[in-house]
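Please take these sequences and the hints and turn them into a complete structure.
Chain by chain, the residues:
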Amino acid sequence: MSTAYIVDDDAAIRDALLWLFKSRAVPALAWQSAEEFIEDYSARMAGCLLLDIRMDGMTGLELFEQLQARDCRLPVIFLTGHGDVGMAVSALKRGAHDFIEKPFNDNELVNRVLIALELDARNCRERADLASVEARLQQLTERERAVMDRILAGKLNKVIADELGIAMRTVEVHRARLFEKMGVKSAVELAQRLARRS
Amino acid sequence: MRRAIAVDGNLPPRAPRWAWVLPRLAAILVPIVIGALLWLLHHNDLDDQRTTMISDVLWLEQNLRFQMERNLEQLRLLNIDTVETRATPTYDARAQALIQNGSGLVQIVRLDRIGRLRSVTPAAAPDQRQRLRSLAVFTEASRRAVQLDKPIYSKPFNLDVDDPCFAIFVPHYNDRPADVIVGVYSVHALLYQMVPWWFTEKYRVSVMDANGATLSSKSRVQTSDSDLSYQVAFDPPGQGYTLAVVAYHHGTRLLPALLMMTIVLLTVAILVSLWAVKRHVQRRHVAEKALREEYAFRKAMEDSLLTGLRARDLDGYIVYVNPAFCQMVGWSADELIGREPPMPYWAPEEMAQTLTVYEQIMAGTAPHEAVELRFQRKNGERFDALIYEAPLIDANGVHHGWMASMLDITERKRAEERYRQQQDKLQFTARLVTMGEMASTLAHELNQPLSAISSYATGCLNLLDDSNGAAAAESDVVHTLRKVVAQAQRAGQVIRRVHEFVRRREPMQEPCAINTVVEDATGLIEVAARWRGVRLQLDLAPNLPPVQVDKVMIEQLLLNLIRNGMDAMAQTVADQRLLVVATVSHERGVCVSVSDRGPGIAPAVAAQLYEPFFSTKQEGMGMGLNICRSIAELHHGRLWFEERANGNGTTFSLWLPVE
Numbered sequence: 001m002s003t004a005y006i007v008d009d010d011a012a013i014r015d016a017l018l019w020l021f022k023s024r025a026v027p028a029l030a031w032q033s034a035e036e037f038i039e040d041y042s043a044r045m046a047g048c049l050l051l052d053i054r055m056d057g058m059t060g061l062e063l064f065e066q067l068q069a070r071d072c073r074l075p076v077i078f079l080t081g082h083g084d085v086g087m088a089v090s091a092l093k094r095g096a097h098d099f100i101e102k103p104f105n106d107n108e109l110v111n112r113v114l115i116a117l118e119l120d121a122r123n124c125r126e127r128a129d130l131a132s133v134e135a136r137l138q139q140l141t142e143r144e145r146a147v148m149d150r151i152l153a154g155k156l157n158k159v160i161a162d163e164l165g166i167a168m169r170t171v172e173v174h175r176a177r178l179f180e181k182m183g184v185k186s187a188v189e190l191a192q193r194l195a196r197r198s
Numbered sequence: 001m002r003r004a005i006a007v008d009g010n011l012p013p014r015a016p017r018w019a020w021v022l023p024r025l026a027a028i029l030v031p032i033v034i035g036a037l038l039w040l041l042h043h044n045d046l047d048d049q050r051t052t053m054i055s056d057v058l059w060l061e062q063n064l065r066f067q068m069e070r071n072l073e074q075l076r077l078l079n080i081d082t083v084e085t086r087a088t089p090t091y092d093a094r095a096q097a098l099i100q101n102g103s104g105l106v107q108i109v110r111l112d113r114i115g116r117l118r119s120v121t122p123a124a125a126p127d128q129r130q131r132l133r134s135l136a137v138f139t140e141a142s143r144r145a146v147q148l149d150k151p152i153y154s155k156p157f158n159l160d161v162d163d164p165c166f167a168i169f170v171p172h173y174n175d176r177p178a179d180v181i182v183g184v185y186s187v188h189a190l191l192y193q194m195v196p197w198w199f200t201e202k203y204r205v206s207v208m209d210a211n212g213a214t215l216s217s218k219s220r221v222q223t224s225d226s227d228l229s230y231q232v233a234f235d236p237p238g239q240g241y242t243l244a245v246v247a248y249h250h251g252t253r254l255l256p257a258l259l260m261m262t263i264v265l266l267t268v269a270i271l272v273s274l275w276a277v278k279r280h281v282q283r284r285h286v287a288e289k290a291l292r293e294e295y296a297f298r299k300a301m302e303d304s305l306l307t308g309l310r311a312r313d314l315d316g317y318i319v320y321v322n323p324a325f326c327q328m329v330g331w332s333a334d335e336l337i338g339r340e341p342p343m344p345y346w347a348p349e350e351m352a353q354t355l356t357v358y359e360q361i362m363a364g365t366a367p368h369e370a371v372e373l374r375f376q377r378k379n380g381e382r383f384d385a386l387i388y389e390a391p392l393i394d395a396n397g398v399h400h401g402w403m404a405s406m407l408d409i410t411e412r413k414r415a416e417e418r419y420r421q422q423q424d425k426l427q428f429t430a431r432l433v434t435m436g437e438m439a440s441t442l443a444h445e446l447n448q449p450l451s452a453i454s455s456y457a458t459g460c461l462n463l464l465d466d467s468n469g470a471a472a473a474e475s476d477v478v479h480t481l482r483k484v485v486a487q488a489q490r491a492g493q494v495i496r497r498v499h500e501f502v503r504r505r506e507p508m509q510e511p512c513a514i515n516t517v518v519e520d521a522t523g524l525i526e527v528a529a530r531w532r533g534v535r536l537q538l539d540l541a542p543n544l545p546p547v548q549v550d551k552v553m554i555e556q557l558l559l560n561l562i563r564n565g566m567d568a569m570a571q572t573v574a575d576q577r578l579l580v581v582a583t584v585s586h587e588r589g590v591c592v593s594v595s596d597r598g599p600g601i602a603p604a605v606a607a608q609l610y611e612p613f614f615s616t617k618q619e620g621m622g623m624g625l626n627i628c629r630s631i632a633e634l635h636h637g638r639l640w641f642e643e644r645a646n647g648n649g650t651t652f653s654l655w656l657p658v659e
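So the sequences go chain by chain: X and L.
Under this note's numbering, think of the first position of the first sequence as 1, with each following residue one higher.
Under this note's numbering, think of the first position of the second sequence as 1, with each following residue one higher.
One or more of the hints may lead you astray.
Unchecked claim - Chain X residues, not near chain L, derived (Cβ > 12 Å throughout):
#1 L29
#2 Q68
#3 S90
#4 E118
#5 S132
#6 V133
#7 L137
#8 I151
#9 A161
#10 D162
#11 Q192
#12 A195
Unchecked claim - DEER-style ranges, computed between Cβ atoms:
#13 X:A69 <-> L:D424: 46 to 52 Å
#14 X:S90 <-> L:N626: 32 to 38 Å
#15 X:S90 <-> L:Q608: 32 to 38 Å
Note that these hints are calculated values from the structure, not bench results.
This one's a predicted model, so the numbers in the text were calculated from it and none came from an experiment.
Quick reminder that beta carbons are idealized off the backbone N, C-alpha and C, glycines included.
Okay, here's the thing in structure tokens:
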């Protein structure tokens with residue numbers, strides 16, 4: 001389930017943001033410090049991260065850097081006062097998803113969070129797809145793989161049969177098996193699925 | 001009294017080296033020449049004496065010879081008479097007379113033809129006659145005289161002990177044989193009787209035999225030296241005898257000796273005085289050299305001073321300036337010496353003040369500490385000088401004038417001003433940083449509750465919006481609205497805290513004269529004004545009622561306005577930079593106005609003038625006028641500005657009520 005994770009040291013802000021997300025039916029969770037969030041963080045978290053830059057203890061930027069070091073893929077939206085726009089921009093260049101200056105338009109904030117959630121969901125799907133393609137490729141036999149390479153090169157069944165020194169009928173069987181294992185219905189679909197991998 | 005001190009250090013030149021050669025040469029030559037002269041004179045004297053002595057000796061010898069000739073003649077006559085007359089008594093008498101005559105004869109002996117002794121005069125004792133008879137010399141001589149028939153002198157013999165004698169044998173030379181008369185001479189007697197007294201006074205006369213032994217001497221006194229002596233052979237009578245004459249002394253004559261002595265003394269005196277003069281001159285040279293060096297040293301010290309020195313006489317004329325002074329003012333020493341006030345380096349705009357100081361100095365009432373004056377250089381550049389004036393009193397304690405040392409403190413003052421400006425800027429920056437910090441904190445503090453409020457409100461609106469479709473419990477919305485109120489109050493608290501912080505310093509209001517405040521404020525900024533070339537003019541109304549104000553705050557306000565006015569005139573022509581601060585009684589209060597001659601305030605700017613953080617200056621933080629207005633309002637006064645007539649600058653006015 002995609003969730004908006006909020007890290008802010010101001011209780012009122014946390015409460016208000018939770019109320020705001022609730023009003024738009026966006027699931028949200030809040031932490032009062034970066035340290036506590038780091039403790040609870042797991043790679044299975046899905047959604048987006050709302051980080052206040054100015055906090056007591058570890059700042060939002062430091063948290064962002066630590067998460068990057070842990071290969072966290074969550075999109076990060078920085079919430080900044082006017083004093084730390086520069087920091088926010090530099091964070092953006094280092095891979096942050098967005099930054100929103102306080103005071104913000106609240107629904108606009110929710111919209112941007114929704115975009116980030118969608119982005120994260122898509123990223124998750126893609127990562128899952130990629131993983132499944134790999135798994136399917138592992139199931140192919142030597143012969144099926146050779147046939148697949150030639151199909152991707154755009155060769156006809158007859159040419160493939162000649163090259164491999166097998167009957168055209170056998171090529172067709174391999175082809176059907178291969179398509180079934182890779183979960184595709186046509187050569188075009190196969191090409192698309194493999195292209196994403198690279 | 002107008003007098004220039006001529007100091008050029010040109011002492012009379014040293015005497016050339018060769019000038020001393022002549023006196024030295026003279027000092028050497030004079031003793032030599034005088035010595036030579038003395039020697040020559042002495043030599044001449046000796047020569048003279050010798051000549052005199054020789055002639056004396058010759059005269060003596062001739063005299064002796066002459067006397068002996070006479071004796072010979074007498075003896076012959078005696079012999080002839082005796083032979084002719086045979087009168088023995090007559091012979092005795094005449095022989096006696098001959099002996100007593102004092103002609104050197106001591107005995108007259110009569111011998112017969114064959115040499116037998118016939119008589120002896122004066123009568124001798126028989127042993128003496130025997131002795132005469134036995135004398136070989138005697139017999140031999142008498143024989144020869146008879147044979148030759150002419151007078152013969154005998155060889156010397158001793159008649160008695162230590163009585164050398166010789167004799168003359170006179171034969172009767174007629175054709176028949178006759179007696180021989182013998183005249184015996186004693187050398188002693190001869191000398192005593194025949195040498196005159198004056199001769200013996202000068203010389204020691206002696207007779208010496210062939211062996212050089214002295215037979216007889218007229219004087220027993222020995223002469224000290226024998227360089228002046230003369231010997232003549234006493235021959236024939238002596239037969240080997242010598243007549244020797246020695247001068248007793250070289251007759252040193254008194255007058256020439258005295259003369260010589262005087263000359264020598266004078267020469268010594270001259271030499272001594274010459275030496276004294278030389279020593280004196282040498283000492284003078286040493287003293288002169290020391291003086292020269294001392295002078296050069298002092299001059300070098302004076303010239304290398306960075307402090308300008310100037311001496312004036314009692315009438316104020318410049319009598320001396322050192323190079324540092326000339327360099328400071330740009331006029332040369334020749335142009336300055338002899339000048340009377342006003343001096344060319346007095347700046348025209350400071351003339352009155354300079355003249356006052358000058359008159360104080362001349363009257364002797366000038367303050368002892370340094371005076372600061374603004375002068376101009378020859379090229380018109382102005383500079384600030386620090387002058388110490390002191391009476392010029394010579395070694396005798398006579399007051400001749402005034403001595404001043406002058407320091408160019410332009411650079412120093414500029415540095416001070418720069419430092420001050422830098423400090424200002426620093427302070428300004430510090431304030432700016434503090435304010436920025438404060439503003440940033442404030443913004444953050446307010447942002448938080450406002451953001452929260454906004455989020456709560458948006459959430460509420462979202463729930464109330466039907467299209468969103470999410471059901472909301474009424475109690476939830478109410479609950480959230482309470483939170484909104486709480487956050488709004490939180491924001492209010494922040495604002496109140498800020499206000500309290502600003503309000504913390506209450507003004508210390510006390511009654512004071514506004515003119516004093518204005519004077520104090522302008523006094524603080526006078527230096528800065530001078531450096532910016534802005535003239536400050538005070539136009540203060542008398543008898544203004546006292547106002548109840550915080551003096552420091554009002555001063556700050558005025559300083560701000562004056563500084564703004566000066567800044568406004570940065571582009572104004574230099575001699576137009578006039579800032580007038582005026583006080584006047586106005587509407588139950590007093591009004592202070594600050595008028596500049598700047599370009600005025602553009603309408604667009606005028607509208608924003610009091611807006612916080614608005615500034616027309618690059619470095620301004622836009623709080624100045626804002627604060628000014630706050631101060632004015634704190635005092636229940638007003639602050640406003642208006643364009644001056646025909647756009648010639650701006651006037652800011654502060655009105656303060658009088659209770």
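Hints, verified against the model:
1. L29: L29 (chain X) is indeed farther than 12 Å from all Cβ atoms of chain L, at 16 Å.
2. Q68: At about 26 Å from chain L, Q68 (chain X) clears the 12 Å cut-off, so the statement holds.
3. S90: Nearest chain L Cβ is 19 Å from S90 (chain X), so the label holds.
4. E118: holds (18 Å)
5. S132: holds (35 Å)
6. V133: holds (38 Å)
7. L137: Holds: least Cβ distance 44 Å, greater than 12 Å.
8. I151: holds (49 Å)
9. A161: Correct as stated: the minimum Cβ-Cβ distance to chain L is 60 Å, above 12 Å.
10. D162: holds (63 Å)
11. Q192: Label holds. Min Cβ-Cβ 37 Å, cutoff 12 Å.
12. A195: holds (40 Å)
13. X:A69 <-> L:D424: 46 to 52 Å: holds (49 Å)
14. X:S90 <-> L:N626: 32 to 38 Å: Given a distance of about 35 Å, which is inside 32 to 38 Å, the answer is holds.
15. X:S90 <-> L:Q608: 32 to 38 Å: The hinted range 32 to 38 Å holds for S90 (chain X) and Q608 (chain L), with Cβ atoms some 34 Å apart.
Of the numbered hints given earlier, the model fails none.
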